[in-house]
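A.B. asks: Listed below are the residues making up each chain.
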Amino acid sequence: MEFTTQLLYPIDQILLALMIFSIMFGMGASLTIDDFKTVMRYPRGILIGFLSQFGLMPFFAYGLAIFLNLPPAYAIAIILIGCLPGGTTSNMFAYFARGSVALSIAMTTASTVMALLMMPILLEFYTSEFTNALSAELQTAGTGTEFVIPTGNIISSLILVLVPVAMGMFLRAKSQVWAKTAEDTAGFMGIIVIIYLIGTAFARHSGLMLQTPINIYIAAICVGLLGFLFGFWMSRLFKLSPIFQRAISLETGIQNGPIAFAIILLSFAEPIQSQMLWLAILYSTFIVITSSFITLYYRRVGKFDYEIYKNTTIHNKLFGDEYVSHYPDGFLPKRIEHDPSQGFTPSQIREKK
Amino acid sequence: MENRIVAENMAQLFQRAAEQYGDLPAFATRIKELEWEPVSFRQLYERGLNLATGLIDLGVKANDHVGLFGDNRFEWILSDCGIQLCGAADVPRGRDVTDAELIYIINHAEIKIAFAETAQLANRIINLKKELPTLKKIILHEESDSKAKNVLNITEVEEIGKKLRDKGDVQAESRMKAINPEDLFTLIYTSGTTGKPKGVMLSHENIMSQMKVIPIELNCTDRVLSILPVWHIFERVFEVYTIACGVCTYYTSIRTLGDDLKNVEPTFMGSAPRLWESLHQRILKRVKEAHPMRRLLFHTAYFLSKQYKSSLYFMFNRKLKTEKESSLLRIVQLPFHALRWLVVTPFYGFFNVAVLEPIRLSAGGSLKATVSGGGALPNEIDRFFNYIGIPVLEGYGMTETSPVIAVRTEYQLVIGTVGPIVEETEVRIVDLETGDTLYPDRSHPENGRGIRGEIHVKGPQVMQGYYKEKELTSNTIRNGWLRTGDLGMITFNNCLKILGRSKSTIVLLSGENLEPEPIEMRLTQSTLVEHCMVVGQDKKFIGALIVPDLGELRAKGIKAETLAEASESEEAQKLIRAEIKKVISPSNGFKRHELIQEFELLPETFKNGVELTSLFKMKRHIIQDKYADRIEAMYTNESTGGK
Chain A
1 MEFTTQLLYP IDQILLALMI FSIMFGMGAS LTIDDFKTVM RYPRGILIGF LSQFGLMPFF
61 AYGLAIFLNL PPAYAIAIIL IGCLPGGTTS NMFAYFARGS VALSIAMTTA STVMALLMMP
121 ILLEFYTSEF TNALSAELQT AGTGTEFVIP TGNIISSLIL VLVPVAMGMF LRAKSQVWAK
181 TAEDTAGFMG IIVIIYLIGT AFARHSGLML QTPINIYIAA ICVGLLGFLF GFWMSRLFKL
241 SPIFQRAISL ETGIQNGPIA FAIILLSFAE PIQSQMLWLA ILYSTFIVIT SSFITLYYRR
301 VGKFDYEIYK NTTIHNKLFG DEYVSHYPDG FLPKRIEHDP SQGFTPSQIR EKK
Chain B
1001 MENRIVAENM AQLFQRAAEQ YGDLPAFATR IKELEWEPVS FRQLYERGLN LATGLIDLGV
1061 KANDHVGLFG DNRFEWILSD CGIQLCGAAD VPRGRDVTDA ELIYIINHAE IKIAFAETAQ
1121 LANRIINLKK ELPTLKKIIL HEESDSKAKN VLNITEVEEI GKKLRDKGDV QAESRMKAIN
1181 PEDLFTLIYT SGTTGKPKGV MLSHENIMSQ MKVIPIELNC TDRVLSILPV WHIFERVFEV
1241 YTIACGVCTY YTSIRTLGDD LKNVEPTFMG SAPRLWESLH QRILKRVKEA HPMRRLLFHT
1301 AYFLSKQYKS SLYFMFNRKL KTEKESSLLR IVQLPFHALR WLVVTPFYGF FNVAVLEPIR
1361 LSAGGSLKAT VSGGGALPNE IDRFFNYIGI PVLEGYGMTE TSPVIAVRTE YQLVIGTVGP
1421 IVEETEVRIV DLETGDTLYP DRSHPENGRG IRGEIHVKGP QVMQGYYKEK ELTSNTIRNG
1481 WLRTGDLGMI TFNNCLKILG RSKSTIVLLS GENLEPEPIE MRLTQSTLVE HCMVVGQDKK
1541 FIGALIVPDL GELRAKGIKA ETLAEASESE EAQKLIRAEI KKVISPSNGF KRHELIQEFE
1601 LLPETFKNGV ELTSLFKMKR HIIQDKYADR IEAMYTNEST GGK
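As you go down the protein sequences, you meet chains A and B in turn. Using our numbering, you'd call the opening residue of the first sequence number 1 and step up by one each time. Using our numbering, you'd call the opening residue of the second sequence number 1001 and step up by one each time.
One should not assume that every hint holds.
[Stated by the list, open to error] SDA-like cross-link-like pairs, simulated, lysine to any residue; straight-line CA separation at most 20 Å:
#1 B/LYS1262 to A/ASP321
#2 B/LYS1032 to A/GLU322
#3 B/LYS1032 to A/TYR323
#4 A/LYS310 to B/LYS1559
#5 B/LYS1559 to B/VAL1583
Just so you know, the hints here were simulated from the structure itself, not pulled from any lab data.
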C-alpha cells in the first residue's frame, strides 16, 4: 500500500502536536515526587515490569513483524511501538482493573526515564534488518540514499516530550486542583483528537481502511494483546500478587502512544512517515478498545482477591501494623492463601508463613 | 463467596458467628482518626456470655424486658448480646429520650434493669426514681468511678458473670437453648408522629426473616459504617445482618463522618434521605465553585450518564411505570434506545472513569450500594446518585414490620419506587373508603396495578402486636394483615410506589384531597428552604410553614443575623415567594389546588427530637400546635391570600 498524498495535512500536524503536548502535560500533572519514591518501594514489581516492558514487548513486536511479513516501514513502526514506555492511560486502566495503581504509576515513571537509554539500544538491535531492506528499496527506486535509524533525533524528541511532563509536574506541585483539571482536560482532548484524526484520515483517504492489508491490522491489535497476556503470565510465574499481575499486564500492553507520534513526526521523513503514523493511529485506536475489554475482565476475576487485599490493608491502617486478619478456614482461595502480599505489614506476612 | 449464617434466634446467631468468624473483627470503635479498636466475633460472644451470666445473677429472668438507653457504640451491641443470651428482650431508646418518655416506657414495659450510656443519663433516671417503682438497677456503658447506689459499670457485671462461669455456671447456655422463635427479642417504643409511645413487639422469628431480604450480599471482606441510631429498627437490622455475614461494623458520628468515609472506605451503609440531600448539595456546590472547564466536564459526564442510563433502564424494563405501556410503542422505541445506548457507551465510559469516579470517591469510594430508608428520597436526588453511579437502593418499611416490606435490588432498581415486595411477603392495596381489595384483584384491569390505595402487608416480618394494647393491635392487624397507614400503588413492572401517608392527607374546604409530602419534598430541594410543612386541612387553600436557609439568604444579600430577623425581612419574604411560585407551579406538574397561596417564615428551625423524629421526619401535630397562631394568621389575612 502506498500513500499517494500525505496522511496528515499541516493543520493536522499542529493539532497532533497540541494533543501530544497536552497529554504529556496531563501526565506530568498526575505525577508527584512521591511517585518516584514509590519506585523504590516495589523493587521486585518494577524489575519484572521492566523485563516485560523492555524485554518482552520489543521481542513480540519484532516477532510479529517477521511472522506477519510486514513491509519495512510498518515493521519499524511496530518495533518502535514495542519499545515505548508506558503512558498514564495505563494507570487509569489499572485502577479500574483493581490492579495496583501505585505500581502502575511507578512503572510509568521508571520506564519513561529508562526509555532515554533503552529505546535507542532496542531500536538499533531489532530494526537493523528492516532498515537494510528499506535502504535497498530506496536504492532500487533511485533516490540513492541510505536509511538509518535517526538515533540522535529520537533521543532529542524523547527529551522534548518530557518538557511538558516536567511542566505538568511543576503545576501539580503548585496546585492540585488545577493539575486535576489539566489531567482530565488532556484525557478529553486526547479522545477528541484521535477521533478527529481517524475521521479525517477516513474521509480524505476513503479507501485507506479497506486498502490496509489485514496483516497490518493484526499487528496493530496483537502487539497490545500479547503484552497483556505475557505481562500477566510472567508476573504470575514470578509469584507476584494478583493486583500486581493485573497492573503489570496492563502496563506492558498499553504504550505511550503520543510519544510514538512525536518521534515519528520529528525523526522520520517521507516516504515512510505516513505509513508509520498510520500504524501508530491504528494501534492507539485498538488499544483503547482491547484494554477496555481486558479491564472489564480483570475487574470481574479480580473482585474477590482485591476486596480481601483492601480489607486487610484497612485493618492494618486502622488497627495497627501488628494486627493480623484471620479469615475463616476455606474462605481464601488456594491461589492467594499463602500469598504474603495479601497482608501488607510484616506481622501479616509472618503469620501467613 | 456466600457464607451467611442462618440461625433461629439472636442468641444462636451470636454463637454461630463466634464459631464461624472467630478472630475477625466484628465491631470497631474510633479512638483517633487512624486508631480504631476492634472487637472480634469470639470476644463479643465471650463477653456477652459473661454479661448474660452477670445479668441472670442480678435477677433478669427469661423473657424479661431490659432497658437499653443509649446511642451507637460497642457497649450497646455488647449489652444487646448479653440480653439476648440470657433469653430476655431489650427495650431500646436513644440518649435523647425525654423524661416523660422514660417514665412511660419503664413503667409500661415493667423494666427492672436498664442500661444507660452515660452517667448523666443514669442521674436523670435516678432523679425520676419516685415515679419508677419497678426499676432496680442501672448499668452504665461508659466507665464511671463515682456512681450512685444501684448503678454498676458494665465491666463490673461482666466480672460477676466471669467469676460465676469460671466456677462452672452454664445458666446462660441453658437459657439460650430455651428460646422460642416467637419469643420477643426487642420491644421498640415508637414515638411516631402522633399520640403516646407504642411498644412494638418483635420476635426472633421476625428479625431472622429479614436476613433473606436485604438486597446486597456481604462477606468477611466488607466494611459497614454505622451512623443512624441503632435503637431504630432500620439500622438495627443491618447490625444483625453484618453479624450474620461476618462483616465488621465501624461506629462513626456526624462530626467525623467525612474522615471516616475516607479512612474506613465502607462497602455498605444504611442511610437516610437527609444524608443524601446534604451530600447532593455539597457535590453541587463544589461543582459550582470549580473551574469552568471542570464544570463543563461534569455536566457533560452527567448528561452522557443520563442518556446511557435512561436507555438502559428502558431496555431492561426498569423505568417507572405507573400507567400501562402499549407494547407496540415499546417495540417502536426499542431500536431507538438501543442505538442511543450504543452511541453513548464509549463516551460514557471515558467520562465515567475520568470525571464521575472522583466524585464517587468523595462519597466513600468502595460503596457497593446503600439502602436508604426512614423517609422518602426526593426524586431528583435519587436520580442524581444513580446517574453518577452510586446505586441508592430505596426501601420501604416500618418498625411494625421489622422493618423491610419492599426494597430495590440491583436488578430491579426502578427510580421513583421502593422496589419489588420482598420474599415470603404479600401486599394488598386497599380502597381507603370501602375497604375493598384493589390489588391483587382480577376484576380490575391488570390485576389492579396502577390503582392507589392503602398498603396492607402480611408476612413473617409482621410484629406480634403492640405491647399491652390489645385493641390497638386488633385495629392494626386483622387476619394477619397489617394496615400500614401509607398510600401506594403497584407499578406495571411490579414495584411498590409510595404516595404519602393516608393520615397526612389534607382535605381542603372544597373537598379536594392532596398529599403534602410531594409538595414539601419539591420545596425543600430549593437551596433557600431548609424545612417546610404544608397545611390547609378544612381551609380554602393550602399554606406553608417555611424555615429558610439563613446562609443562603445572606448569600443573596439579605442582612439578617438570625432566623427570627429573617422572618421579619420583607426582602426575604419576596425572595421566598418568588421561589415558591417558580417551584410549585403547574408547569412542574402541580394541580391548581396544590399551589401554595400563602406562607409564613418561622423564627427558628426544626430541632431533632422536638419537631423532628430521630430520622428527621416532621412531627406534624407538634409543629401544628406550636405554630397554631401563625397558621391561623395565614388564613385570616385574606387580603394577601390568593395572590
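A.B. asks: Now, for every hint given, state plainly whether the structure supports it.
C.D. replies: To see whether the hints hold, each was checked on the structure:
| no. | hint | verdict |
| --- | --- | --- |
| 1 | B/LYS1262 to A/ASP321 | holds (19 Å) |
| 2 | B/LYS1032 to A/GLU322 | holds (17 Å) |
| 3 | B/LYS1032 to A/TYR323 | holds (17 Å) |
| 4 | A/LYS310 to B/LYS1559 | violated (50 Å) |
| 5 | B/LYS1559 to B/VAL1583 | violated (24 Å) |
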